[in-house]
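J.: With the hints as extra help, turn the sequences into a complete structure.
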Amino acid sequence: MSAQKKRNFKIEAFKHRVEVDPKYAEKTWKILEHAIHEIYNHNASGLSFEELYRNAYNMVLHKYGEKLYSGLVTTMTWHLKEIAKSIEAAQGGLFLEELNRKWGDHNKALQMIRDILMYMDRTFVPSNHKTPVHELGLNLWRDNIIHSHKIQTRLLDTLLDLIHRERKGEVINRGLMRNITKMLMDLGSSVYQEDFERPFLEVSASFYSGESQQFIECCDCGDYLKKAERRLNEEMERVSHYLDAKSEAKITSVVEKEMIANHMQRLVHMENSGLVNMLVDDKYEDLSRMYNLFRRVPEGFSTIRDVMTSHLRETGKQLVIDPDRLRDPVDFVQRLLDMKDKHDKIINVAFNNDKTFQNALNSSFEYFINLNNRSPEFISLYVDDKLRKGLKGVTEEDVEVVLDKVMMLFRYLQEKDVFEKYYKQHLAKRLLSGKTVSDDAERSMIVKLKTECGYQFTSKLEGMFTDMRTSQDTMQGFYASQYSEMGDGPTLAVQVLTTGSWPTQPSTPCNLPAEILSVCEKFRAYYLGTHTGRRLTWQTNMGTADIKATFGKGQKHELNVSTYQMCVLMLFNSEDCLSYKEIEQATEIPASDLKRCLQSLACVKGKNVLRKEPMSKDIAEDDAFYFNDKFTSKFIKVKIGTVVAQKESEPEKHETRQRVEEDRKPQIEAAIVRIMKSRRVLDHNSIVTEVTTQLQSRFLPNPVVIKKRIESLIEREFLERDKADRKLYRYLA
Amino acid sequence: MKKEDTVKLISAEGFEFVIDKKAAMVSHTIRNMLTSPGGFAETQLGEVTFPEISTPILEKVCQYFYWSLQYARFLFSLFPIPINAFSLTTL
Chain A
9 MSAQKKRNFK
19 IEAFKHRVEV
29 DPKYAEKTWK
39 ILEHAIHEIY
49 NHNASGLSFE
59 ELYRNAYNMV
69 LHKYGEKLYS
79 GLVTTMTWHL
89 KEIAKSIEAA
99 QGGLFLEELN
109 RKWGDHNKAL
119 QMIRDILMYM
129 DRTFVPSNHK
139 TPVHELGLNL
149 WRDNIIHSHK
159 IQTRLLDTLL
169 DLIHRERKGE
179 VINRGLMRNI
189 TKMLMDLGSS
199 VYQEDFERPF
209 LEVSASFYSG
219 ESQQFIECCD
229 CGDYLKKAER
239 RLNEEMERVS
249 HYLDAKSEAK
259 ITSVVEKEMI
269 ANHMQRLVHM
279 ENSGLVNMLV
289 DDKYEDLSRM
299 YNLFRRVPEG
309 FSTIRDVMTS
319 HLRETGKQLV
329 IDPDRLRDPV
339 DFVQRLLDMK
349 DKHDKIINVA
359 FNNDKTFQNA
369 LNSSFEYFIN
379 LNNRSPEFIS
389 LYVDDKLRKG
399 LKGVTEEDVE
409 VVLDKVMMLF
419 RYLQEKDVFE
429 KYYKQHLAKR
439 LLSGKTVSDD
449 AERSMIVKLK
459 TECGYQFTSK
469 LEGMFTDMRT
479 SQDTMQGFYA
489 SQYSEMGDGP
499 TLAVQVLTTG
509 SWPTQPSTPC
519 NLPAEILSVC
529 EKFRAYYLGT
539 HTGRRLTWQT
549 NMGTADIKAT
559 FGKGQKHELN
569 VSTYQMCVLM
579 LFNSEDCLSY
589 KEIEQATEIP
599 ASDLKRCLQS
609 LACVKGKNVL
619 RKEPMSKDIA
629 EDDAFYFNDK
639 FTSKFIKVKI
649 GTVVAQKESE
659 PEKHETRQRV
669 EEDRKPQIEA
679 AIVRIMKSRR
689 VLDHNSIVTE
699 VTTQLQSRFL
709 PNPVVIKKRI
719 ESLIEREFLE
729 RDKADRKLYR
739 YLA
Chain B
579 MKKEDTVKLI
589 SAEGFEFVID
599 KKAAMVSHTI
609 RNMLTSPGGF
619 AETQLGEVTF
629 PEISTPILEK
639 VCQYFYWSLQ
649 YARFLFSLFP
659 IPINAFSLTT
669 L
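First to last, the sequence lines map onto chains A and B. Under our numbering, read the first sequence as residues 9 to 741, first letter to last. Under our numbering, read the second sequence as residues 579 to 669, first letter to last.
FYI, nobody ran anything at the bench for these hints, they're computed from the structure. This structure is a prediction, so every number in the text was calculated from the model and none was measured. Incorrect hints may appear among the rest.
What the hints assert, rightly or not - Restraint ranges, calculated between C-beta atoms of paired labels, are given here:
#	chain 1	residue 1	chain 2	residue 2	range
1	A	ASP113	B	SER646	34 to 40 Å
2	B	SER632	A	HIS50	19 to 25 Å
3	B	LYS586	A	GLY100	49 to 55 Å
4	A	GLU74	B	SER646	33 to 39 Å
5	A	HIS142	B	SER646	24 to 30 Å
What the hints assert, rightly or not - Here are the simulated DSSO-like pairs of lysine-lysine, each with C-alpha atoms no more than 30 Å apart in a straight line:
#	chain 1	residue 1	chain 2	residue 2
6	A	LYS38	B	LYS586
7	A	LYS647	A	LYS432
8	B	LYS638	A	LYS116
9	A	LYS35	B	LYS586
10	A	LYS265	A	LYS291
11	A	LYS603	A	LYS437
12	A	LYS673	A	LYS456
13	A	LYS685	A	LYS647
14	A	LYS116	B	LYS586
15	A	LYS116	B	LYS600
16	A	LYS116	B	LYS581
17	A	LYS291	A	LYS437
18	A	LYS348	A	LYS413
Glycine residues also receive a C-beta, built at the ideal position from the N, C-alpha and C atoms.
T.: Structure below.
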């Protein structure tokens, strides 16, 4: 068997009828060309899609793709040139409409042509690296219509003119505008940007630069901002209606630059209506507008902030150094608080509670409050006033609000220890005279100070409260034990104060009247009997007394006086007339205190239970005093007080200051030792910085003082200078 | 069935196949014919003449349309297109 050759199964290529007709291509093309003409003439209804498709298919199949493609280009170009002519011929306002209509036609025709030439698009175009039909149509439109020199400038001018007219308030056909800009976008983003957007932005810039110039000449700041805001909104609206969304950022940045950034300084500083005036007049709306507009431009915030800060510092400075204001500390602090409230509200309402603005506000306050070294005293006086009388009949919440506000001012203080000094003094007076309105409020204040500055800061203040409580118990115990022995004698109320916790001045006790003295001695015996190893001294300069007095016509009054005054008045039980010298000798009250107490007894109208000769405002050494039996008063109870809670006089202030400085020394030394203990070796400047940071919460130590303290520590051999480097200090354990 | 939902495909020999438009549109070319804007004759009349496609082939094509409409989104292997001797000759 001869090997039979095995035939492989083979599928033969599909054989088309070979077109022999040499004119075939020409004829087919004619049909297609005719069809394209008909399509452009809106006559497509008679055409058979199948036939056209088949013809195009066959042409490509028979390698006439090139002819088909170039034929398409030529035919389309010819049509577009015709269209260009008709668009150019359109008059005035019809120009855009004609362009829009023709664009619609072209798009539709292009769609149809693409459909019938689909086969070419799929096979011939990619393999020969041609442009696909649809894109080709757009490119040809761009080159023949949009870039035809008669249309290009006219189109741009028309568009810009329309936008200009709209800016001037006319109503334009936004739908048409939208279609045209859409066309430009369809032709590619570069066409939109080059042929429209760039010139549009340029024209807008010059328009707004002119307009802003005009506005700024004739409007005040508030109006200008309103206008700027409106323009900005208009432009955003314009973009959303008929421009590319990507243009929004660009056009708004143009408006921002021309209308805001370029005039920012001038706006902010505008006379009678600028930022400062807005702040002064609480123009929340304008301020908020300014904030929102300036937010858009670089440096905008810092401009507002800088102006606000300098304004705050300026007004604050005027407030704290104004000698008129210094006369009334309570009013002074109230003004500070009002100022803070006002600006807090502005920041809250108009500036979106911006942190950076709050910081600016805080730093300004810190700056000017510390310009006046009496601020700590005044703030304490303010609290004193509030706790004495200002908070009477006020709810607990309101008390908290007031105290919180005070704490806020307190936070700004650099010399917190000075505040503590004064607060202690004022608190002592309040507690001893029993003038405090509410114990809760006092305590709440202490708690606030504690959270702010730590235990150390308030431990003495708390000690004062404890003393008050223990004294009450002691007094109860005293009266319970002595009940039987107590006759008609005066009632004594002793407050036993721990030395150190209270701001006591060393003072020699005055001579108490015999009646009082005996009770005092009893108490001393009782107290020392229950507490061994203690020492009691009488602080007669701090006490008060209630005494009953009968005057000329038999009317009785209850006089509320200080211990000193009581001693003086008791002398008049036996004498009707005493000279200054006699009083001084009998009581041994220090001269300055005596003068003051006599002044309030004899020279205050309505409370002059003594008569002085000669009659004058001041007390002289050779004055004589008489019991004034003509004294009358509407009230049964008469309070004769040396005026309390006065701000300090100059020498007192000086003295307090010295005490504060004195108290700072051990604190600075302690800080230095703490630091050196952990660091062992450190140079001078680092010590100064570290000490400053450690003590910042209480006060700002002076570098010169720190240096002195270091020297003192070296003397006492806590530290030594490094032998090699004199700037280094070593800790000696 | 409404006339708008069907389309008539006519073969070279003049056989007319009336099929669902949905099925015919399986072919992208026919879809273009029927949806291209501007109203070609095909769109207006609802019929397409194929002077170069013989009746058996057009019939098979129609069958394919329906098959495709129903199964094309599933795996081929599950629902094989029925190929027989005739099918091959049509190729």
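J.: Hints first: check each against the structure and report whether it holds.
T.: These are the hints, each one checked on the structure:
Evaluation of the 34 to 40 Å hint for ASP113 of chain A and SER646 of chain B yields a pass: the beta carbon distance comes to about 36 Å. Distance hint check: the CB atoms of SER632 of chain B and HIS50 of chain A are about 36 Å apart, inconsistent with the given range 19 to 25 Å. Taking 49 to 55 Å as the suggested C-beta distance range, the pair LYS586 of chain B and GLY100 of chain A conforms, at roughly 51 Å. Checked against the hint of 33 to 39 Å, the pair GLU74 of chain A and SER646 of chain B passes, with Cβ atoms roughly 35 Å apart.
For HIS142 of chain A paired with SER646 of chain B, a C-beta distance near 27 Å keeps the hint of 24 to 30 Å intact. Restraint check for LYS38 of chain A and LYS586 of chain B: satisfied, since their Cα atoms lie roughly 28 Å apart, inside the 30 Å limit. Under the criterion of a C-alpha separation no larger than 30 Å, the hint pairing LYS647 of chain A with LYS432 of chain A is consistent with the structure, at around 24 Å. The suggested pairing of LYS638 of chain B with LYS116 of chain A is violated, with an alpha-carbon distance near 34 Å, which exceeds 30 Å.
A C-alpha spacing of about 29 Å is found between LYS35 of chain A and LYS586 of chain B, which places the hinted pair at or below 30 Å, so the restraint holds. Distance hint between LYS265 of chain A and LYS291 of chain A is fulfilled; the C-alpha atoms sit about 25 Å from each other, no more than 30 Å. A hinted pair counts as satisfied when its Cα atoms are at most 30 Å apart, and LYS603 of chain A with LYS437 of chain A qualifies at roughly 20 Å. The straight-line distance between the Cα atoms of LYS673 of chain A and LYS456 of chain A is roughly 26 Å, inside the 30 Å bound, and the hint therefore holds.
For a cut-off of 30 Å, the pair hint linking LYS685 of chain A to LYS647 of chain A is broken: about 57 Å separates their Cα positions. For the given pair, LYS116 of chain A sits about 26 Å from LYS586 of chain B by alpha-carbon distance, which is consistent with the 30 Å threshold. Between LYS116 of chain A and LYS600 of chain B, the direct Cα distance comes to roughly 24 Å. Compliance with the 30 Å bound is thereby established for this hinted pair. Between the alpha carbons of LYS116 of chain A and LYS581 of chain B the distance comes to roughly 26 Å, so the proposed pair stays at or under 30 Å and holds.
At roughly 44 Å between alpha-carbon atoms, LYS291 of chain A and LYS437 of chain A are farther apart than 30 Å, so this suggested pair is violated. Proximity of LYS348 of chain A to LYS413 of chain A is assessed by CA-CA distance (about 9 Å); at most 30 Å being required, the pair is judged to hold.
In this structure, the hints that do not hold are numbers 2, 8, 13 and 17, in rising order.
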